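> Chains as they are written, first to last, in our numbering: chain H, 2 to 343; chain X, 2 to 343; chain G, 2 to 343; chain F, 2 to 343.
Take the hints with a grain of salt, since some may be wrong.
Which copy? The list can't say, so a pair holds if one copy fits it or any two copies do.
[Said to hold, decoys possible] Straight-line C-alpha distance at most 27 angstroms; calculated DSS-like pairs for lysine-lysine:
1. K273 / K252
2. K39 / K193
3. K231 / K172
4. K189 / K117
5. K142 / K335
6. K208 / K306
Please keep in mind that the hints were generated in silico from the structure rather than gathered at the bench. All values reported here derive from a predicted model rather than from experimental measurement.
Number of protein chains: 4
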Amino acid sequence: MNLNVGIIGATGHTGEMLIEILLKHPHVKITGLYNTGKTSGRICDIFPKFKNQLQLLCTQPDFEHIRKECELVFLALPHTASMDFAPKLLSLGKRVIDLSADYRLESNSIYEQFYKTKHKDKEGLKQAVYGLPELYKAKIKNAKLVANPGCYPTSALLGLAPLVSVGVASKGATIIVDAKSGVSGAGKKVEKDYLFSEIQGDFRAYKVDTHQHAPEIEQVLSKLAGEKVKVTFVPHLLPIDRGILSTIYIKKPASAAGKPKDILALYKKFYKSEPFVRIKPEGEFPRIKDVVGTNFCDIGIKDSKDLTIIISAIDNLLKGASAQAVQNMNIMYKFPESCGLL
Amino acid sequence: MNLNVGIIGATGHTGEMLIEILLKHPHVKITGLYNTGKTSGRICDIFPKFKNQLQLLCTQPDFEHIRKECELVFLALPHTASMDFAPKLLSLGKRVIDLSADYRLESNSIYEQFYKTKHKDKEGLKQAVYGLPELYKAKIKNAKLVANPGCYPTSALLGLAPLVSVGVASKGATIIVDAKSGVSGAGKKVEKDYLFSEIQGDFRAYKVDTHQHAPEIEQVLSKLAGEKVKVTFVPHLLPIDRGILSTIYIKKPASAAGKPKDILALYKKFYKSEPFVRIKPEGEFPRIKDVVGTNFCDIGIKDSKDLTIIISAIDNLLKGASAQAVQNMNIMYKFPESCGLL
Amino acid sequence: MNLNVGIIGATGHTGEMLIEILLKHPHVKITGLYNTGKTSGRICDIFPKFKNQLQLLCTQPDFEHIRKECELVFLALPHTASMDFAPKLLSLGKRVIDLSADYRLESNSIYEQFYKTKHKDKEGLKQAVYGLPELYKAKIKNAKLVANPGCYPTSALLGLAPLVSVGVASKGATIIVDAKSGVSGAGKKVEKDYLFSEIQGDFRAYKVDTHQHAPEIEQVLSKLAGEKVKVTFVPHLLPIDRGILSTIYIKKPASAAGKPKDILALYKKFYKSEPFVRIKPEGEFPRIKDVVGTNFCDIGIKDSKDLTIIISAIDNLLKGASAQAVQNMNIMYKFPESCGLL
Amino acid sequence: MNLNVGIIGATGHTGEMLIEILLKHPHVKITGLYNTGKTSGRICDIFPKFKNQLQLLCTQPDFEHIRKECELVFLALPHTASMDFAPKLLSLGKRVIDLSADYRLESNSIYEQFYKTKHKDKEGLKQAVYGLPELYKAKIKNAKLVANPGCYPTSALLGLAPLVSVGVASKGATIIVDAKSGVSGAGKKVEKDYLFSEIQGDFRAYKVDTHQHAPEIEQVLSKLAGEKVKVTFVPHLLPIDRGILSTIYIKKPASAAGKPKDILALYKKFYKSEPFVRIKPEGEFPRIKDVVGTNFCDIGIKDSKDLTIIISAIDNLLKGASAQAVQNMNIMYKFPESCGLL
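Taking the hints into account, I'd like the entire structure generated from these sequences.
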């Protein structure tokens, strides 16, 4: 009862993580590894750590090979590259989980504004399901094309969804997401900014209130709220490899003051059936070390009269990318949701 | 024209930094080193890096020695310890710069709430001057007892003072200080929380909205504003040794919307004569690496209609502690303000 | 077909790692968690990362509970503590894998010299099998008591065994092991030396040629060589959490010059059936990143006329401790050797 | 009594350090900053940390400007670039301190072998003085052209010179230098190998026994010994920014066994007038933290019958490059040797 999967973009960070996870998944066989850059050869030569574990060749994408060998394809490609592959894969009858941003934003103009190119696959966009399992599990089950959420949006949305869903983020609320991410969030860009000597001992904000993940967060929250929700989003770069911690401030509108009474209880109830969201007891808050290497999202809450503070932590490469993609796969193929992820 | 200075608490982080700075100061001679713990011996044996530079013995505090040898005394002691020393030193006619929190808070009840002990020196408290040179230079000049500001308050106050002083933080404003600090802020506590294996690769919030520096920030801002100012303060622990970066969010009250028009210009003007505050050009923001090892505070600004974001960065051990103390000393003794600090 | 295992010392580094590995092992059920310190409670409260995964209580060691619930017991205790538990467990008919040093050294006087106490269980010592699978697999199969090797010895012995076994380390050879380890090698000691502010940005040697692992290395090599082998061992502390890299220099004696001709071939042959030793191609050398999180030992070789350089890398907590212990368990219970470890 | 100095290569690591040091030097004025890459503008815009301290423009090298404005020129250029500048500067009557490798190696064929290009300035090579003050102070005083030593050679040579000078490294000795360096040793290369995600948490050897600094070490030692000295040199990359620690093993030849009796005393005597070499007491060894940010070289010694272990530590950018260059300048211009360096 093996599922044959392929990965396009196998040599990037998220591709590497997908391989690591899927190698241990009891119901999956990796049958195709592809990448679009210059690197090629056996994956265990490209990543010596896979030696003695996986001999598969990593080649340029080969649709004929995919047609015969893969049932599901993960696209672990840079933004704007996925939409070149998804339509063809869907036309071959394959199911697709896309880890890029290409199928996340419903608005073409917002996509163009942030990703600097026109969207090429409006057909695909229509059928894409936003792959945040805690909110959209039912739709993911039957999806042909899943748009796996961004890392920052995963951490922000899981932190905000319960409050927004009870109307506290209605008109007049102020929502600030002060997010901090390890450098692997930037992929493997060989740029001065990501040199050890630049990152080590440093900390800085970047794309202050202009990051491409802000509209993704606002789109999902607005749907949940049933009205336009605005978020101030300031990402920062941590001198660590992996992990995101978001400190979220919600200044409630006067109309919402005092309700709901017990926010901690609200969160516990909202996530009570979710295997990968853990709510901290009162007075405790998450830390990155507890979630790195896992698919968990830990959430801590501090509530006061007019301001609520939510802190959420995830591993940006796992719950923020590759492990969440496998969680989506598990849902799509009716494996236990946490199969291969605990 | 040498000033003879002593340091009580010479073996802690801030004491060590004071020695480093003062060794290079052209008008200062270190004539007394004292500590209250068990460590004793020559300072160059306690800190091998001072070998070939300073042979002085570090002893238990010796008022007779201080009386004869020191003109100015730095108290680099833990909170609640300084108030045991300051009155005696003042009575000997010495001037004192206290790096602890003991003389910062005007309210005894707030002091007791956060530092868990009654204040013992109300007399000293009355004459203490809050040593933030950019706000209180005139008073520092003649101060007998300077309360050197906390590291977080320095970063928050320099980031907020110009806006608060023009009334934008009047009633109805929301002020959030999301601060991130390196671990040296915690001194040299030998506790599990500060082990390498706990800090490295991690990031977490602590004392969420309950940190003892919040009332210090609110006290100074309230004076500047002429009305009570409330701040939400959430500190976080960075996996680096030194540096604080504070991301400050000011939701302006409806009454203040749109004014002042040009906040960048406001900040440049406010700090135009200050040698240690540097305002970043529009679109640029500070990073910790640029201020570590210096007495500078770098500030960046992002303004929008109803929300202003201010980001400030300092070295917590320098502008946030020991170098600011030397800056205060320079002012008190009419040395050039940046003497020994550039 | 589950094996019920207990862990005494479940709250230390190696205990934590054992839990992590065994949770994913398809043939194992953790049925007892014990520790000897003050910490107690559910393991998922002690290590929040195990929340939603393992609810088991961690209690003081309880032999009655062990008697009924556990078949195999891991001792993840500090040195000198294990020998208080092993005899009793063996008398209950349990098999034991001891991760401490207590059953590694055959000489009581050397044990006493390095561990500062007399050995209390000479009976156990006699039946203990040194658990380095690549050298002693046959004996491990039937062992009642396995002495799991130290982390440094694992890295040194795997690097040296092939050369020593062909007689190159005969009289007159000089063997130097310049080893570098991450701080987790020191366990979770709350001491000044292991604070973040002491380790980060630093690097230093310690116990220069006096480390307790040197006699362990020499004992095994001497047996392999059939004559006394002397090793100069200098460990260093790396500013990382996990991993050991040993750079080993072998100055061959005149008698051995030029033989064996092809050392790389010798190593490949020696380890050809070993799933966890990977020999690098000529001109390539191991790095810690490739082995962290795995049970692999990577080895690189540079040979010249009279000096051979061997570089080996392992994860000190896995191949150097907990994963190697599970590898030994697999061998003892006839599970596939790499079961749960890939 | 100011010395006007220029720096060619002001935007690299060693150029940046030179500026930092010279800004605090009481007898120096920086009058020219030049670089050969694309970066240009005011140095305080290129390095924001110099804001409020140095406004000087950094331009392409301009010999006319140098002729008028600079008396001494530091060449902080990549290897093979310096020899394009030195001859012209010397012909203008300027004195030159070259921080590259261009004037260190006397043998043209060895230079060509390691730096992959023919040497272009044999005239300059003849008059160049090797700028290791502890060995060549007298020659440096009158040098026109100083070849500032490499960082690894500085740490190895200071560790080996006393022993070699008494003939212990005569024929038959084995000398191994196992060196570990922070990444700033590689300059500011924007390459995958130096990304934060590659370095952090990692440790590895590189250029095993093939590094270009080995012949530099052997050349100086051979001169000291009066016979050919061979060194096995294995550098490693530490996950820190700055610092080198070299662990040096000397297997004495049979002829030298037992002499000198007291190596610690030998070292103390050898360096007794040197302000920047500190010998550790018996049983203590250097650590990188004690020398980072300083011009000191700390040395620790462990001697046994036939093997001596020497451990030396420096800051690769300071004693290993820029501060040593300033030390040379002090000697050349008869300033106190440690002026501006303590």
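> Give the relationship of K39 and K193 under a CA distance limit of 27 angstroms: within one copy only, between copies only, both, or neither.
both (21 angstroms within a copy, 14 angstroms between copies)
> Quick one: K189 to K117, C-alpha cut-off 27 angstroms, is that within a copy, between copies, both, or neither?
Answer is within; shortest intra-copy Cα gap is 20 angstroms, inter-copy 30 angstroms.
> Could you figure out if K142 and K335 sit no more than 27 angstroms apart (CA to CA) within one copy, between two copies, both or neither?
Close inside one copy (8 angstroms), not across copies (40 angstroms); limit 27 angstroms.
> Are the CA atoms of K208 and K306 at most 27 angstroms apart within a copy, between copies, both, or neither?
between (31 angstroms within a copy, 18 angstroms between copies)
> Please work out whether the CA atoms of K231 and K172 approach to 27 angstroms or closer within one copy, between two copies, in both situations, or in neither?
both (9 angstroms within a copy, 23 angstroms between copies)
> Can you tell me if K273 and K252 fall within 27 angstroms by alpha carbon in one copy, between copies, both or neither?
Answer is within; shortest intra-copy Cα gap is 26 angstroms, inter-copy 34 angstroms.
Checked against the numbered hints above, the structure violates none of them.
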